[in-house]
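Those sequence lines, one after another, are chains A and B. This note's numbering puts the first residue of the first sequence at 477, with every later residue one more than the last. This note's numbering puts the first residue of the second sequence at 477, with every later residue one more than the last.
If you're looking for bench data, these hints aren't it; they were derived computationally from the structure. No residue lacks a Cβ here, since even glycine has one placed at the ideal position from N, Cα and C. Mixed in with the good hints there might be a few duds.
[Said to hold, decoys possible] Lysine-lysine pairs mimicking DSSO-like chemistry, simulated, CA-CA at most 30 Å apart:
no.: 1; chain 1: B; residue 1: K498; chain 2: A; residue 2: K772
no.: 2; chain 1: A; residue 1: K609; chain 2: B; residue 2: K515
no.: 3; chain 1: B; residue 1: K629; chain 2: A; residue 2: K629
no.: 4; chain 1: A; residue 1: K523; chain 2: B; residue 2: K570
no.: 5; chain 1: A; residue 1: K498; chain 2: A; residue 2: K538
no.: 6; chain 1: B; residue 1: K555; chain 2: A; residue 2: K772
no.: 7; chain 1: A; residue 1: K629; chain 2: B; residue 2: K772
no.: 8; chain 1: A; residue 1: K772; chain 2: B; residue 2: K772
no.: 9; chain 1: B; residue 1: K629; chain 2: A; residue 2: K609
no.: 10; chain 1: A; residue 1: K569; chain 2: B; residue 2: K711
no.: 11; chain 1: B; residue 1: K772; chain 2: A; residue 2: K515
no.: 12; chain 1: A; residue 1: K609; chain 2: B; residue 2: K556
no.: 13; chain 1: B; residue 1: K711; chain 2: A; residue 2: K555
no.: 14; chain 1: A; residue 1: K570; chain 2: B; residue 2: K609
no.: 15; chain 1: B; residue 1: K556; chain 2: A; residue 2: K772
no.: 16; chain 1: A; residue 1: K555; chain 2: B; residue 2: K629
[To be verified] Just so you have them, the derived chain A footprint on chain B, three or more residues with Cβ under 8 Å:
no.: 17; segment: 568-578
no.: 18; segment: 625-635
no.: 19; segment: 638-650
no.: 20; segment: 729-741
no.: 21; segment: 775-782
[What the hints assert, rightly or not] So these bits of chain A aren't anywhere near chain B, every CB distance computed over 12 Å:
no.: 22; residue: R478
no.: 23; residue: V535
no.: 24; residue: K556
no.: 25; residue: F641
no.: 26; residue: E695
no.: 27; residue: Q708
no.: 28; residue: Y723
no.: 29; residue: A729
no.: 30; residue: K739
no.: 31; residue: S768
no.: 32; residue: D771
no.: 33; residue: G781
no.: 34; residue: E782
Number of protein chains: 2
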Amino acid sequence: MRKAVGVDLGGTKINVLLVNEKGEVLGRDKQPTEADRGKDYVINKIKDMIHNVLQQGRVSEKDIEGIGIGFPGLMDREKKSTLYAPNLGDEWKKEVFLGRELEEYFNVPTYLENDVNLIAWAEWLVGAGRGTKTMICVALGTGIGSGIVLNGKLWIGAHGMAGEFGHITVLPDGPICGCGNRGCIEAIASGTGIEKYARSILPQHTDSLIWGLCNGNLEEVTVKTIYQAAEQGDKLAIDIFNHAGYYLGIALANYVHIVDPEKIVIGGGVANVREYIGKPMREEFYRRVLPSFRDKVTFSWAELGEDAGGIGAALLALYR
Amino acid sequence: MRKAVGVDLGGTKINVLLVNEKGEVLGRDKQPTEADRGKDYVINKIKDMIHNVLQQGRVSEKDIEGIGIGFPGLMDREKKSTLYAPNLGDEWKKEVFLGRELEEYFNVPTYLENDVNLIAWAEWLVGAGRGTKTMICVALGTGIGSGIVLNGKLWIGAHGMAGEFGHITVLPDGPICGCGNRGCIEAIASGTGIEKYARSILPQHTDSLIWGLCNGNLEEVTVKTIYQAAEQGDKLAIDIFNHAGYYLGIALANYVHIVDPEKIVIGGGVANVREYIGKPMREEFYRRVLPSFRDKVTFSWAELGEDAGGIGAALLALYR
Numbered sequence: 477m478r479k480a481v482g483v484d485l486g487g488t489k490i491n492v493l494l495v496n497e498k499g500e501v502l503g504r505d506k507q508p509t510e511a512d513r514g515k516d517y518v519i520n521k522i523k524d525m526i527h528n529v530l531q532q533g534r535v536s537e538k539d540i541e542g543i544g545i546g547f548p549g550l551m552d553r554e555k556k557s558t559l560y561a562p563n564l565g566d567e568w569k570k571e572v573f574l575g576r577e578l579e580e581y582f583n584v585p586t587y588l589e590n591d592v593n594l595i596a597w598a599e600w601l602v603g604a605g606r607g608t609k610t611m612i613c614v615a616l617g618t619g620i621g622s623g624i625v626l627n628g629k630l631w632i633g634a635h636g637m638a639g640e641f642g643h644i645t646v647l648p649d650g651p652i653c654g655c656g657n658r659g660c661i662e663a664i665a666s667g668t669g670i671e672k673y674a675r676s677i678l679p680q681h682t683d684s685l686i687w688g689l690c691n692g693n694l695e696e697v698t699v700k701t702i703y704q705a706a707e708q709g710d711k712l713a714i715d716i717f718n719h720a721g722y723y724l725g726i727a728l729a730n731y732v733h734i735v736d737p738e739k740i741v742i743g744g745g746v747a748n749v750r751e752y753i754g755k756p757m758r759e760e761f762y763r764r765v766l767p768s769f770r771d772k773v774t775f776s777w778a779e780l781g782e783d784a785g786g787i788g789a790a791l792l793a794l795y796r
Numbered sequence: 477m478r479k480a481v482g483v484d485l486g487g488t489k490i491n492v493l494l495v496n497e498k499g500e501v502l503g504r505d506k507q508p509t510e511a512d513r514g515k516d517y518v519i520n521k522i523k524d525m526i527h528n529v530l531q532q533g534r535v536s537e538k539d540i541e542g543i544g545i546g547f548p549g550l551m552d553r554e555k556k557s558t559l560y561a562p563n564l565g566d567e568w569k570k571e572v573f574l575g576r577e578l579e580e581y582f583n584v585p586t587y588l589e590n591d592v593n594l595i596a597w598a599e600w601l602v603g604a605g606r607g608t609k610t611m612i613c614v615a616l617g618t619g620i621g622s623g624i625v626l627n628g629k630l631w632i633g634a635h636g637m638a639g640e641f642g643h644i645t646v647l648p649d650g651p652i653c654g655c656g657n658r659g660c661i662e663a664i665a666s667g668t669g670i671e672k673y674a675r676s677i678l679p680q681h682t683d684s685l686i687w688g689l690c691n692g693n694l695e696e697v698t699v700k701t702i703y704q705a706a707e708q709g710d711k712l713a714i715d716i717f718n719h720a721g722y723y724l725g726i727a728l729a730n731y732v733h734i735v736d737p738e739k740i741v742i743g744g745g746v747a748n749v750r751e752y753i754g755k756p757m758r759e760e761f762y763r764r765v766l767p768s769f770r771d772k773v774t775f776s777w778a779e780l781g782e783d784a785g786g787i788g789a790a791l792l793a794l795y796r
């Protein structure tokens, strides 16, 4: 069976997987990125990790068809270089020939792609999107990203930047986003956005259970403490998630009006609070879309969890 | 040179064109739709009009490669039937085998497509979008629609409904839209939306020149009277267009974050007030998009005017 290696390079951790053509994981290595130790340290670590997963699968580099690399930033896919990442330190804010270096070192083809696009690619091929032709996949985490599969192809856009869902404006005068604008969906419904909103309204709700869970310290409010409060029936905590879900529903309706997919797949860390965000999200979505979309577009939760990016990276070397 | 006929069936008029492979118009017939006289009347009129343009071009049905038909509603492209149009009367709210009937009558292939998609197709092939691979085209008129060309193909979506740009929410609690929701860009920046907004704020601005131009009657406020006032330097009239342009800029930034095109082409009747809407639109657009888009996405005004839909329909029979 055909095999490939997938590298998911993130700001906090690196996940390297050996994957077969069915998307099954045959070897895995996950380590902290330690980007502060410099670019060469990170690249050498990736090389070691690739050796490790090959060994686990009892194969050599000759047995794999390629190495896919998911990168959290901008890249030049032709030159196989990374151009800019906000979260990997200064050395990654200029061009790094990551793909080319691994290609020469292992003597196999490499493929560079945006990390969230690879989550979409994996979910479409072997996850929650399989069986569809056209799908959008949204990753809710510290930030919000998305990937688009159109008629069985990853749509990366004219400049490789399609699917920047996090920076859709849903509230023109809303909270300030990391990008500098106001009211991006990321500023409202990402983990960071939810926490900021909670901190802004908690002072008016001194009876909320969140206060106890964060030791009376607003700095300690996290999606996790809000979730715990919601689990105990705290109305404010539930309202906080409803607020995020409402705006997500609007943003997704916008997305669907443009792309017209069969399915929306939702993943990422914040999707863990799905029971609280999912209902208001779907309600507002179906309220906002034109009637002709209502019985045609469905939702699924992502199926591949934290391995999605690495699996997608490997599958990019096997299917394009 | 290859030739085809394009039919642009609209709520108020029908435009039929004989077009060559360069997009040049060799024959034309434009007539009122008179939808109130019934579906068979309209279909017979279209047949007559096609005969007329063939005669003008001194060709017969054997000399054309097909007939493209632009339809303002939902359709079944495979069955070549129209399914639903809001503005053509009750008979067009159920299935009409328009494409099939013309195909049998003229014995040439027919192609059915959404009217705004065909404007995009024409602008991409022979208008303001030529030379690009990926483009979005927005038509600002009584309503707001759009079409998407991705890598040289019309993207119609999984259910033929992609590019429903008019129903992107830009202001969740904004004015009510014809679709029943609040704050769709169509409810704010279409001709109808601009007029509604003007009527809502005019009572607080008794010194506006618009009052004189509409004979003191709010019902007579139109985009045209607002435009005339703006031309005379009326501040309120200019503010009214700024308001539409501001929200259009936001909606277009959303569009670009998702699709990542090379170019945005803007057309339609309201585009006539381009000098007033264009500047705030572009300013807010470039303020809202991520920096990586700023030097990559450009604007153009549509070039084909009122013939765009008919030219696009004919070109759909020649290129797909």
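Please flag the earlier hints that this structure goes against, numbers listed from lowest up. 1, 2, 4, 8, 10, 13, 17, 21, 25, 28, 29, 30, 31 and 32
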